[in-house]
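Asks: Could you build the full structure based on these sequences and the hints that come with them?
Protein chains in written order, with our numbering: chain Z, 1 to 187; chain S, 188 to 359.
Derived from the structure by calculation, the hints contain no laboratory data. Ideal placement from N, C-alpha and C gives every residue a C-beta, glycine not left out. Among the hints, a few may not be true.
Stated by the list, open to error - Derived CB-CB ranges, DEER-like:
#1 Z/Y87 - S/R197: 23 to 31 Å
#2 S/P190 - Z/G106: 38 to 46 Å
#3 Z/D170 - S/P190: 14 to 22 Å
#4 Z/V162 - S/R281: 28 to 36 Å
#5 S/G306 - Z/L78: 25 to 33 Å
#6 Z/M136 - S/D310: 46 to 54 Å
#7 Z/V162 - S/L279: 24 to 32 Å
#8 Z/E62 - S/L279: 25 to 33 Å
#9 Z/E5 - S/E303: 35 to 43 Å
#10 S/R197 - Z/A9: 50 to 58 Å
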Amino acid sequence: MTRVEALRAIYPRLEDLVVVTIMGAVAAELQGIGHRPNFFYLQHAMGLASSMGLGIALARPERQVVVFDGDGSVLMNLGGLTTLARYRPRNLVHVVFDNESLLSVGGFPTATSTGSDLAGIAAAAGVPRTARATTMDDFTRAFDEALAAHDLTTIVAKVDAVGPSKFVTDLSLLENRFEFQRYLTRR
Amino acid sequence: MSPVSTANSRLVYDALKASGVRLMSALPETWLVHLIRMAEEDPEMTLVRLAKEEEGVGISAGAHLAGVRSAMLMQNHGFLASINGIVSCAQLYRIPLLMMVSFRGEFGERDPWQTEGGGVTEDLLRALRIPFSYLDSPGHVAHRIAKAETLALSANKPVALLLCRDLMWEEA
Ligand SMILES: Cc1ncc(C[n+]2csc(CCOP(=O)(O)OP(=O)(O)O)c2C)c(N)n1
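Replies: Here it is in structure tokens:
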């Protein structure tokens with residue numbers, strides 16, 4: 001499974017969800033499929049996308065929040081998994097696209113390539129629902145089940161270490177930030 | 188009895204509430220114990236206990252974009268531990284942060300392990316161009332907090348208030 005295929009498969013479900021992604025490859029892929037005002041791309045600050053998702057989910061419990069994270073980014077904020085689990089926002093789905101590498105900066109392997117199991121770590125941190133997906137069917141089912149479950153879920157989707165040829169898009173960081181804030185505070 | 192000032196912690200807490208703060212992230216240290224307990228006991232406050240202070244930057248950023256005002260409670264070593272988040276999230280994306288930083292390691296510090304952080308805190312705040320001020324006497328607590336919050340929101344930037352020994356600690 002590639003990440004862009006996985007994103008394309010669930011893209012229609014994202015229309016009314018609040019979406020936060022990490023930097024680089026996944027942000028460019030999602031923008032390539034189609035940017036929306038309810039999508040925020042945290043183009044730096046490795047590890048903090050899940051913390052931002054938590055902040056939004058706590059501030060707006062009536063909105064469903066989805067975070068698209070990466071293995072390298074999660075590894076930089078493993079403690080954040082324990083904070084997610086502790087507050088257990090039922091309106092947060094945390095998707096980790098695990099390509100076993102730091103794809104956006106040269107593709108060097110991360111510790112998930114030698115067996116570190118992020119779904120196991122999330123479960124041990126106390127995240128009430130975790131899932132592993134290696135096929136498109138697994139992934140879309142896990143995503144739909146997570147939304148239906150109305151509970152904090154971490155889905156670790158194993159994806160190929162491939163991405164777009166470039167990561168800089170024509171959406172400026174601040175334009176994205178203010179548009180997203182306006183979207184969130186308007187309704 | 189802890190010599191951490193309950194009365195002055197109450198002043199700080201009430202001023203944060205009055206300036207609209209409804210979410211606080213915290214990682215405990217001695218001087219913050221009363222503030223954290225006040226947040227915990229306040230049904231109008233969402234308290235988020237962190238594993239590491241840098242998480243609080245992301246949480247505050249999310250809360251801000253979603254329309255909720257927040258504050259971060261940490262000691263200066265927690266500020267040191269948050270710097271990449273402050274620069275790469277809050278400053279890059281123009282996110283207001285109200286950082287309440289207990290200023291350990293200044294004159295009067297008895298704990299040897301706190302003394303290095305005290306010496307670099309102000310220089311780092313300046314290097315990062317984070318506007319900051321001191322809370323060292325009860326008389327100015329309320330208006331300095333209100334003004335710090337006003338600047339954070341108008342500038343869309345992190346600001347810091349240093350909670351000083353003279354305010355937080357009751358021993359002479
Ligand atoms: C603190 C810090 N160190 C290093 C980097 C450089 N960097 C940018 S993206 C990235 C890799 C992110 O990896 P992952 O979360 O697995 O996502 P992927 O790129 O594989 O999609 C790194 C290391 C950074 N942005 N911040």
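Asks: Of all the hints given earlier, name the ones this structure violates by number, lowest first.
Replies: 2, 3, 9
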